[in-house]
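Protein chains in written order, with this note's numbering: chain W, 148 to 243; chain Z, -7 to 211; chain D, 1030 to 1434.
Quick caveat, the hints were computed from the structure, so don't treat them as lab data. Please note that a few of the clues may not be correct.
If you only want the chain Z side, here are some residues facing chain W, beta carbon under 10 Å, derived [claimed, not checked]:
#1 V73
#2 D93
#3 L154
#4 V174
Covered stretches of chain Z, as calculated for chain W (at least 3 residues, CB under 8 Å) [unchecked claim]:
#5 38 to 44
#6 128 to 134
Note that CB positions come from ideal geometry on N, CA and C, so glycine has one too.
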Amino acid sequence: MLLISCPNCGPRDETEFHYGGQAHVAYPEDPNALTDEEWGRYLFYRENPKGLFAERWVHSSGCRKWFNAVRDTATYRIAAVYRMGETQPSVTGGAK
Amino acid sequence: MAEHTLIAPITEQRATELRRSPAEHLAAQFAAAEVTGPHSLALREVPFRTMVGLRVVPGTDAARRVEELLGTPLPGRCGGVAICLGNSVAAGSSVLWLGPDEFLVVSPLGSTVGPAEATARLVEALGTDPGSAVDLSANRTTFELAGKAARDVLEKGCALDLHPRAFAVGSAYVTQLGPVPVLLWKTGSETWEIFPRASFADYLGRWLLDAMREFHGAR
Amino acid sequence: MADLLPEHPDFLWRNPDPKPSYDAVIVGGGGHGLATAYYLAKNHGMTNIAVLERGWLAGGNMARNTTIIRSNYLWDESAAIYEHSLKLWEELPEELEYDFLFSQRGVLNLAHTLQDVRESVRRVSANKLNGVDAEWLDVDQVKEVCPILNTSDKIRYPVLGGTFQPRAGIAKHDHVAWAFARKADELGVDLIQNCEVTGFVKDGNRVVGVQTNRGTINTGKVALCAAGHSSVLAKMAGFDLPIQSHPLQALVSELHEIVHPTVVMSNHVHVYVSQAHKGELVMGAGIDSYNGYGQRGAFHVIEEQMAAAVELFPIFARAHLLRTWGGIVDVTLDASPIVSKSPIENLYVNCGWGTGGFKGTPGAGWTMAHTVATGEPHPLNAPFSLERFVTGALIDEHGAAAVAH
Ligand SMILES: Cc1cc2nc3c(=O)[nH]c(=O)nc-3n(C[C@H](O)[C@H](O)[C@H](O)COP(=O)(O)OP(=O)(O)OC[C@H]3O[C@@H](n4cnc5c(N)ncnc54)[C@H](O)[C@@H]3O)c2cc1C
Ligand SMILES: [Zn+2]
């Protein structure tokens, strides 16, 4: 069970959260201008690294706010937590 | 065309008669579950209190107007509870922090300060600024769990640190009890108010009865 | 019971050092890598090939799955490849000369809501049109097939019926891997363990070799069969895959008398339960929500599936949990696999089988071998190409893919 620090509520059990996948994926500015390849990439392709990963979580059974976390997908260690709209803090290390 | 209504209009008195609280059917079991002595426990449902959901960003003009109306600053952090001043629209009500821009205005236990009235005044205070005030009184019910063993019961299904050093009297947190999302409000040193959503009230009521069971033998 | 299990010889395959060069190299020695090697050798006469495995053979998902085998998928494309796979399963014990306890005890997929019923009946009809044995059973028939199931209408999600595929079942997964490994080895395939691929050697856009912790190996072709690690390898080779890796857990109870005659899956109550040959109850459900390569997940996921199992099978209420574990599953958005050419010449990918690729082991190996040997997909795997994520010709099997099988 992960212990996740919500930026608003502090550390809470994983069961209070829902996962939102990769962070910082912007909706295309002009979807109509994209090729099929580009649109397909936007819809279906997300990073899937083994190691540090910037991802979204929502504190569903708490403050109901989305936020970002940098987590190591191999060790599950959460290296940083930051609010929506904030830039990703630089963290190093992580499994290879 | 003539106006026909199939259902006769419901008078206020009739409405009160028809009203059923989400855990009404468990009242007798709650009463029977009372424990006295060193592991005392009492559980009851206190239904129909007024709850108004409030969305507004603290620090904005809209928030300031709302605060003026409620007679208190909005609580500024997780766990925070503010008490509305006696001469305000929601006199005696509490404002519970649900999120950075979300609050719940709750009337005192057992009382209903006219939800329609309070909501309308809050909506008015928000004006055309972003925000909302919605009467959510039917959304959640209140369980009051009191007694020396109340914390032990809650600890069976709540991952928050319920020790007094971490969970002070007068604070309220949105969390989970068992698998059920609840608002958990510590109103006295041995008294907790638990707000489940109406549809979870039956489950949570039975969950609490089950969690209280071990203390029956200890009375 | 133990006499059911075949004698266990000391070594089933050689333990060769890598040669400097092969005609084809398969990355990943799980079920799919081994089956691909076997069919490359057997169907296509390619025997100068190697399977490179970073750990020990079949220690990944192949060692961790709950062995449900079935082919009752909704769409024509899926029915075709999974049914082909099931037919291969039916021949393999004899062909591989290995009794891996393939037990066609049937699989029941329960329906608990009207929506479930409609979806199930539709799927049974689609299955029949595709030559897949499938039946719709009402509650009484469900009870007949599995008497220990709680079919009372007093529970939260009463069983309203179910689909049944009699030819479906379970097998002993590690024996399956050993059976493929032994035969591939006999045909001349080098199975190389403790050999981790760490990079690719390319000539322009063409792959010509792999770098490993045991040196560089030249090769004409590369077949990626790395399941949960596919994205990591694709990245090394210079392209991306539309998959996400998640922990998937399962559990077994202590041994019990054999009381459970079939395999029961429930999307809605969310668990599946079978009883292995030795008598342990085998259960699983859904993935842990987050991306993860840790081969472990959270206990609440286990707790929830046990609660679901007890709801369906009150008889198991006092069973003790013996062991839980996790694998890394490679999930696509349409719950269908990718068996395809890649943007890199001579490099082929088999991945995206997610939570349900054990049943696909022979089918994946068969079609992947064809793709690698001929450079073009077999008609069975052509629809499962990477291109579908551009054309939009997805094969959405979220309904039939069920509670992560
Ligand atoms: C808990 C669980 C239950 C499941 N239950 C079922 C079920 O009931 N029915 C069903 O059909 N499917 C089931 N599955 C899914 C099934 O196990 C997989 O889809 C299938 O095993 C994947 O193919 P594989 O056997 O080749 O994978 P794996 O056995 O994972 O093989 C991949 C191999 O690649 C190796 N590898 C990775 N990186 C490298 C590298 N760089 N160099 C060399 N080697 C590398 C790994 O070590 C691993 O051995 C389940 C999976 C899990 C985890
Ligand atoms: Zn929070």
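These are the hints, each one checked on the structure:
no. : hint       : verdict
1   : V73        : 15 Å, violated
2   : D93        : 9 Å, holds
3   : L154       : 14 Å, violated
4   : V174       : 8 Å, holds
5   : 38 to 44   : violated (count 0)
6   : 128 to 134 : violated (count 0)
Hints 1, 3, 5, 6, counting from the list given before, are not met by this structure.
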